[in-house]
Amino acid sequence: MSRLIRVLGWLAALGLLAGLVMAFGVTPREVTQGNVQRIMYVHVPAVWVAYVAFAVVFVASVAHLLRRSAGADRLAHAAAEAGVVFLGVNIATGSIWGKPTWGTWWTWDARLTSVSVVFLIYVGYLLLRRMIDDRERAGRYAAILGILGAPNIYLVHVSVYWWRTLHQPPSLLKAGSATMPPVLWAAVLLNFAAFALLSAYFVAKRTRLLRWEQEALP
Amino acid sequence: MPDNWGFVIAAYAVTALVLGAYWRRLTRLERNLAARIEMINRSRETLPSPPKPGHPRPKPASRPPLP
Numbered sequence: 001m002s003r004l005i006r007v008l009g010w011l012a013a014l015g016l017l018a019g020l021v022m023a024f025g026v027t028p029r030e031v032t033q034g035n036v037q038r039i040m041y042v043h044v045p046a047v048w049v050a051y052v053a054f055a056v057v058f059v060a061s062v063a064h065l066l067r068r069s070a071g072a073d074r075l076a077h078a079a080a081e082a083g084v085v086f087l088g089v090n091i092a093t094g095s096i097w098g099k100p101t102w103g104t105w106w107t108w109d110a111r112l113t114s115v116s117v118v119f120l121i122y123v124g125y126l127l128l129r130r131m132i133d134d135r136e137r138a139g140r141y142a143a144i145l146g147i148l149g150a151p152n153i154y155l156v157h158v159s160v161y162w163w164r165t166l167h168q169p170p171s172l173l174k175a176g177s178a179t180m181p182p183v184l185w186a187a188v189l190l191n192f193a194a195f196a197l198l199s200a201y202f203v204a205k206r207t208r209l210l211r212w213e214q215e216a217l218p
Numbered sequence: 001m002p003d004n005w006g007f008v009i010a011a012y013a014v015t016a017l018v019l020g021a022y023w024r025r026l027t028r029l030e031r032n033l034a035a036r037i038e039m040i041n042r043s044r045e046t047l048p049s050p051p052k053p054g055h056p057r058p059k060p061a062s063r064p065p066l067p
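Line by line, the protein sequences give chains A and B. In terms of our numbering, the first sequence opens at residue 1 and continues consecutively. In terms of our numbering, the second sequence opens at residue 1 and continues consecutively.
Keep in mind the hints are simulated off the structure, nothing from the lab. Treat the hints with care, since some could be wrong.
[What the hints assert, rightly or not] If you want the footprint, here are the derived chain B segments under chain A, 3+ residues with CB under 8 Å:
hint	region
1	4–16
2	21–32
[Unchecked claim] Residues from chain A shown here face chain B by an in silico Cβ test under 7 Å; the list is partial:
hint	residue
3	31
4	35
5	36
6	42
7	89
8	91
9	98
10	100
11	205
12	209
13	212
14	216
[Stated by the list, open to error] Negatives, chain B to chain A, calculated, CB over 12 Å:
hint	residue
15	45
16	65
17	67
Just so you know, these numbers come straight off a predicted model, no measurement behind them. Cβ coordinates follow ideal geometry from the N, Cα and C atoms, glycine included.
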């Protein structure tokens, strides 16, 4: 297991390096926004990885409630932490990107507000685990919150269609044809792969630490 | 539109900072946990074994032979 985690870590490091080369060395300067558009190569992959992590929380929470599986509970806990980290990166980089393009660091538009709500739900999820001393009860309550939090991710995705917002509609996860040139697509996908590997590394490492904690220090 | 390189660098720096901080947290947690487990194991080894219940009975070899 520890060898697999180490391999994942090295693969993630190589992927991040390749992603940087792609973002700064291969992709051209975007015509409308200029070089500030390069923020997209971390902003978008970070939110995709966070979505995947929260989907893992959902599945593991269901498994924990159905089977009382301690392993599923540990996986949900680790994935929630990784999801919060990557969603934090997404919100921070979005705010930095917003200043030169929209003229403001923050605005209460539908996409930004719904993403913040999801962020707070999963921060609450982690706090809930810390607040309850009984591990079994904490796992059960957190699993319920992990299941209830998942539909909000769909709300984030459709928020730009349901409400008139400042945030642009998706250019990538969009029905029909993509509006981006293939080289930009490739840079986003490469960075997504690197972030996904890093997230898998974080989750595997955290899950192992939680197992050690529970087995050695009951 | 101007290039705003400062914002680009800030965004990548924040990303590196957040991901690096979480990686460091996991590494530190792993180190602390390993040290605590090691300490518990060592204290288990050095502690005298708890007394067994009941009256101590000599082993058959140490008993005097019957007359």
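Which hint numbers doesn't this structure obey?
Violated hints (numbers, rising): 3, 8, 9; every other hint is consistent with the structure.
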